[in-house]
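Sequences and hints are given; from them, build the entire structure.
The lines below spell out each chain.
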Amino acid sequence: MNDYNFAYLDEQTKRMIRRAILKGLAIPGYQVPFASREMPMPYGWGTGGVQVSAAVLTPEDTFKVIDQGADDTTNAVSIRTFFQRTAGVATTTATRDATVIQTRHRIPEEPLTEGQILVYQVPIPEPLRFLEPRESETRKMHSLEEYGLMHVKLYEDISRHGHIATSYAYPVKVEGRYVMDPSPIPKFDNPKLGEMAAIQLFGAGREQRIYALPPYSQAVSLDFEDHPFEASKADHPCGMCGAVDSYLDELIVDDAGRRMFVCSDTDYCEARQAAGHKGKDAA
Amino acid sequence: MTPLLSVQNITKRYGAHIGCADVSFDLYPGEVMGIVGESGSGKSTLLNCMAGHLTPDAGQVVFDTRTDGPRDTITMSEPERRMLSRTDWAFVHQHARDGLRMGVSAGGNVGERLMAVGERHYGDIRDKATDWLGRVEIDAARVDDRPTTFSGGMQQRLQIARNLVTGPRLVFMDEPTGGLDVSVQARLLDLLRGLVRDMGLSAIIVTHDLAVVRLLADRLMVMKSGCVVEAGLTDQVLDDPQHAYSQLLVSSVLQV
Ligand SMILES: Nc1ncnc2c1ncn2[C@@H]1O[C@H](COP(=O)(O)OP(=O)(O)O)[C@@H](O)[C@H]1O
Ligand SMILES: [Mg+2]
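Note that the protein sequences, when read in sequence, are chains A and B.
Counting in our numbering, the first sequence runs from 1 upward without gaps.
Counting in our numbering, the second sequence runs from 1 upward without gaps.
Don't take each hint at face value.
[Said to hold, decoys possible] Computed cross-link-like contacts, BS3-like style, restricted to lysine-lysine with a CA-CA straight-line distance of at most 27 Å:
#1 Lys173(A) with Lys23(A)
#2 Lys128(B) with Lys153(A)
#3 Lys128(B) with Lys173(A)
#4 Lys278(A) with Lys233(A)
#5 Lys23(A) with Lys140(A)
#6 Lys173(A) with Lys153(A)
Don't read these hints as lab results, they were simulated from the structure.
Shown next, in the form of structure tokens:
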């Protein structure tokens, strides 16, 4: 690890990223441009999140990485190993032991606490992009609070599917001001965004944007009066730990195509099993 | 009576080239003003200056706002001007695809302005969109279809519905019937005339087609090389043009 500066990035770069983070925290939900650096991993592997983590990590931190809720995917392992090597920080898979958690596509089930930082990997930071591709125009829409277009997207959803079919990257309005893409977390996680005790930081590497939610921010999921937001999930208990309140992945468990629903948050599931909870599919 | 729109000495240059020069006129509530002239005479430049799409080099565009009375829209803040463009103003482009969202259903296109001003009841928005499709003679069954599946005439009617749904007080139109087949043009003109009458719309219509202004406009301005060379009641100008250029235009000697 002595070949690298602490957490890989040089101090100058980290200061630049921290300034972007501080600005993001000062203007919740606002996308702050930053000069994204080349990282020794491809875009799409969370280079935005990695740069944010690099800027906030201290030697005393304990680091956790999840990918779709799991600590053991290739992506999660490689990022965790990266900071083990370049920052020498302690790592963990236990949500409550971590001080910095980098995540792709999930918010841990266990409520986060003050003093923790949740770092999201963001592929596309601009919630208005899909209907308005012009960056000059979306920037203006944010600055003038012209968000009618977000509801056009939801309108289209309902007219096509009979309900709001958007189930990931479901837009929220932050503190009554900026509309924000919460990254491709399932909308089940949206209610956790608001009033969270931890600091939430969002990093988009390819798009060079950082945005943030300070602790206890308000984040309201957009909807219609007659089609209110619903934080849906598969209507099953977890097959392994029996949890009825956690977000589930559907797995095909044998050649006969038998299905099983299990917690996507592996730490949550394992902790419940260790505490004696048992689902119907548990061995 | 206070003019709805008072245009004073509008000049727009493109570098050394004149787009339009020193144009002034008043438009009163319920009036339709036609602007005619050959291609390149500055009609679109003038319209875009009035609608806030271009910033003129000189002049004022004073609009009688609902809340604060007459205001110069050129010097008002951009948020205020953009708010006007999606509430009290409407803009119908010659090419429907410039004024529509081609990837969004007909209902979504019409509903957008409603949502932009804060409507949040899906059922109500859809009902209003469907009602407006009917008013522009589009089958309600097409409400979920994208404009890409519509004919040119239908796209133009959809663009009109999308613009009128919030009950604007002033409609800007740039060659609204241009690029359409003659038979389709006639139907669109009839429809526009009906809407203008029923809604008591105030409008400014730019066209090089004298038939359009004959049918829709109360008053007429004739432009040449960026300047207004003649203005007056439509019938007067068309039946008894004073300026040599207007005479040429009316006698169809000019192929415009
Ligand atoms: N963006 C531009 N840059 C330079 N010149 C322009 C531009 N737009 C229009 N013009 C010129 O300004 C004059 C008026 O154009 P325009 O307003 O488009 O006329 P019209 O709508 O009557 O055809 C023309 O000579 C045209 O070539
Ligand atoms: Mg033109």
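Q) Is it true that the CA of Lys173(A) sits at most 27 Å from the CA of Lys23(A)? A) 18 Å, holds
Q: With a cut-off of 27 Å on the C-alpha distance, tell me whether Lys278(A) and Lys233(A) pass.
A: 20 Å, holds
Q. Has the given pair, Lys128(B) with Lys173(A), been kept, meaning a C-alpha gap of at most 27 Å?
A. 26 Å, holds
Q.
With the threshold set at 27 Å, check whether the alpha-carbon distance from Lys23(A) to Lys140(A) stays at or below it.
A. At roughly 19 Å apart (the allowed maximum being 27 Å), Lys140(A) and Lys23(A) satisfy the hint.
Q. Lys173(A) and Lys153(A): Cα distance at most 27 Å?
A. 15 Å, holds
Q.
Hint check: Lys128(B) vs Lys153(A), CA-CA at most 27 Å. Holds or violated?
A. Distance of about 18 Å is within 27 Å: holds.
Violated hints for the displayed structure: none, as all numbered hints are satisfied.
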